[in-house]
Amino acid sequence: MKKLFLPALAVVFFVSESLFVELWPKHLWYEQYVFVPRFLLIFLLFVTIYGTRTHGMVYGVIFGLLYDVVYTEILGVYMFAFPLIAYIAAKVMKWFHTHLIVACFLSMVFISVLEFYVYGIQLLIGKTTMSFEQFYADRLLPTLLVNALFLLVCSYPLKQRLVKMYEREE
Amino acid sequence: MPQFFLNKRLILLLVSIIFLVALIGFSLKERKELTWSEQFVKDTTGFVQFLFHQPAQLVAGFFENVQDIKNTYKENKLLKARLEEYVMLEAEVQTLKKENEELRAVLDKKESLRDFIPIEATVIGRNPDRWQETVIINKGEQQGIKKDMAVITPSGLIGKIQHASQFTSTVQLLSAIDRQNRISAYVQGKDGSVFGLIEGYDDKRQALLLKQVPFDAKIEKKQLVLTSGLGGIFPKGLPIGEVEEVEPDEYGLTKMAYVKPAANFYDVDEVIVVKRKIDAVQEGETK
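As given, the protein sequences belong to chains W and E, one line each in that order. Quick note: the first sequence, position 113, residue 113 per the working numbering, numbers continuous. Counting from 1 along the second sequence, just add 1000 to a position and that's the residue number in the working numbering.
Rather than coming from a laboratory, the hints here were simulated on the basis of the structure. Any given hint might turn out to be false.
Below, simulated DSS-like cross-link-like pairs (lysine-lysine); rule was C-alpha separation at most 27 angstroms, straight line [stated by the list, open to error]:
| no. | chain 1 | residue 1 | chain 2 | residue 2 |
| --- | --- | --- | --- | --- |
| 1 | E | 1074 | W | 127 |
| 2 | E | 1008 | W | 91 |
| 3 | E | 1222 | W | 26 |
| 4 | W | 26 | E | 1032 |
| 5 | W | 26 | E | 1077 |
| 6 | E | 1147 | W | 127 |
| 7 | E | 1008 | W | 94 |
| 8 | E | 1146 | W | 127 |
| 9 | E | 1204 | W | 127 |
| 10 | W | 127 | E | 1032 |
| 11 | E | 1074 | W | 26 |
| 12 | E | 1070 | W | 26 |
| 13 | E | 1211 | W | 127 |
| 14 | E | 1255 | W | 127 |
| 15 | W | 127 | E | 1077 |
Sample of chain W residues with no beta-carbon within 10 angstroms of chain E, all distances over it, derived [what the hints assert, rightly or not]:
| no. | residue |
| --- | --- |
| 16 | 3 |
| 17 | 4 |
| 18 | 12 |
| 19 | 20 |
| 20 | 36 |
| 21 | 37 |
| 22 | 70 |
| 23 | 94 |
| 24 | 95 |
| 25 | 98 |
| 26 | 144 |
| 27 | 145 |
| 28 | 165 |
| 29 | 166 |
Idealized CB from N, CA, C, for every residue including glycine.
Let's have the full structure, built from the sequences with the hints guiding it.
As structure tokens, then:
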């Protein structure tokens, strides 16, 4: 039962992104702005920071692949990005103390990194013609705002859960 | 020793970048069908999404209902006014339908591009990174859905099936940028219809672009744009939207019209996938 906890949580985060976008009231800012929920990335980073790097990277590969197959239908983009970000995050955490504020700050940084990376790839393969200013104002800032709100609400319970779980394992 | 490890990681990184490029190349290729493994993954996650979707929808629906109640009085007034018009229209439609049937019987023409079999489906997911606007619905090949079928809501056309797997399928909305996303359409004019192609979407104006319209064609604002059924897969007469503005296109040889879509692409919960009756008949014959 305990072993199933982490995968189940990952699935919940995976599905929650799609649910969030779908259930958001569409007359509220939905058409002008693009805000992308990056809950799964936040989850992966927290697992990397409070758990182990291996877990972060393995979940990154699996759920990155799921993300590509189910949502975007362009294979490889997230499957490559998620584990790489988890790896870099683990490296960076050697310089910092493990603290909730640091974790949240890192999450915000890596969400921007991921947004830029995906924007770059979309430009490269010609699936978008969005200009940089448009990307910055209509996409990046709303995305950061939404995820900051999510962190404000969910980061503490998520951290508590993960810490408790990894303590028990030891 | 550390040098060696560093190298190994570097090599791994390079190999995965090559892998990434290969995979992206593979998925950008025009594919008729998804691989069976992709279909399997999609259907499995589709099932999980469906499980989560129902309770979440209920909760969200409750809040929406509260908001709806606020508007009820105003809407009720408006609808009552419309009701009288509706009765008139209904009567007219009935007589026209009957007449049409009789005339068809006279001509001995049984099939029409207009007839279709509706397949109702529920939206169970959406692409969260909205680079491509797609939604996932809970019906697939097993229910008779195929690639490129039209997807509508009661108010009008919203997109087409991008890929169908066994029990779920992905719908590409009309607002997605895609050069291949052409739809043969016509404008219902006063004297005869004007044909054109829906090619692309203007994000800023939130309007579809109707191109390749002959230069001397007479199009006015507020005229209806419908699918023509000549493209091969869509049936005839699905409403797309109404003309907002007409201007000459970049070379000045043809005209281009901005079409305001009739359906809201963003606010979709229940959709209808449209299967053309002519195709169904032909399928039956070949079997």
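Each hint tested on the structure:
1. 1074(E) with 127(W): violated, 43 angstroms
2. 1008(E) with 91(W): The hint holds at about 16 angstroms.
3. 1222(E) with 26(W): Status holds; Cα separation ~25 angstroms.
4. 26(W) with 1032(E): violated, 32 angstroms
5. 26(W) with 1077(E): holds, 25 angstroms
6. 1147(E) with 127(W): Given that 27 angstroms is the threshold and the Cα spacing comes to 20 angstroms, the pair holds.
7. 1008(E) with 94(W): Roughly 21 angstroms separates the two Cα atoms, so the pair holds.
8. 1146(E) with 127(W): holds, 24 angstroms
9. 1204(E) with 127(W): holds, 17 angstroms
10. 127(W) with 1032(E): holds, 19 angstroms
11. 1074(E) with 26(W): Roughly 21 angstroms separates the two Cα atoms, so the pair holds.
12. 1070(E) with 26(W): holds, 18 angstroms
13. 1211(E) with 127(W): Holds: residue 1211(E) and residue 127(W) sit about 21 angstroms apart, inside 27 angstroms.
14. 1255(E) with 127(W): Given that 27 angstroms is the threshold and the Cα spacing comes to 26 angstroms, the pair holds.
15. 127(W) with 1077(E): Not OK: residue 127(W) and residue 1077(E) at ~45 angstroms, beyond 27 angstroms, violated.
16. 3: For residue 3(W), whose nearest Cβ neighbour in chain E is about 19 angstroms away, the distance exceeds 10 angstroms, so it holds.
17. 4: holds, 14 angstroms
18. 12: violated, 8 angstroms
19. 20: Given that some Cβ of chain E is not farther than 10 angstroms from that of residue 20(W), nearest at about 7 angstroms, it is violated.
20. 36: Given a closest Cβ separation of 5 angstroms, the condition is violated.
21. 37: Incorrect as stated: the minimum Cβ-Cβ distance to chain E is 6 angstroms, not above 10 angstroms.
22. 70: violated, 5 angstroms
23. 94: Per Cβ check, residue 94(W) is outside 10 angstroms of chain E; nearest 15 angstroms; holds.
24. 95: holds, 18 angstroms
25. 98: holds, 23 angstroms
26. 144: Non-interface label on residue 144(W) holds, nearest chain E Cβ at 14 angstroms vs cutoff 10 angstroms.
27. 145: holds, 15 angstroms
28. 165: Holds: least Cβ distance 22 angstroms, greater than 10 angstroms.
29. 166: holds, 25 angstroms
Comparing the model with each earlier hint shows violations of hints 1, 4, 15, 18, 19, 20, 21, 22; every other hint is respected.
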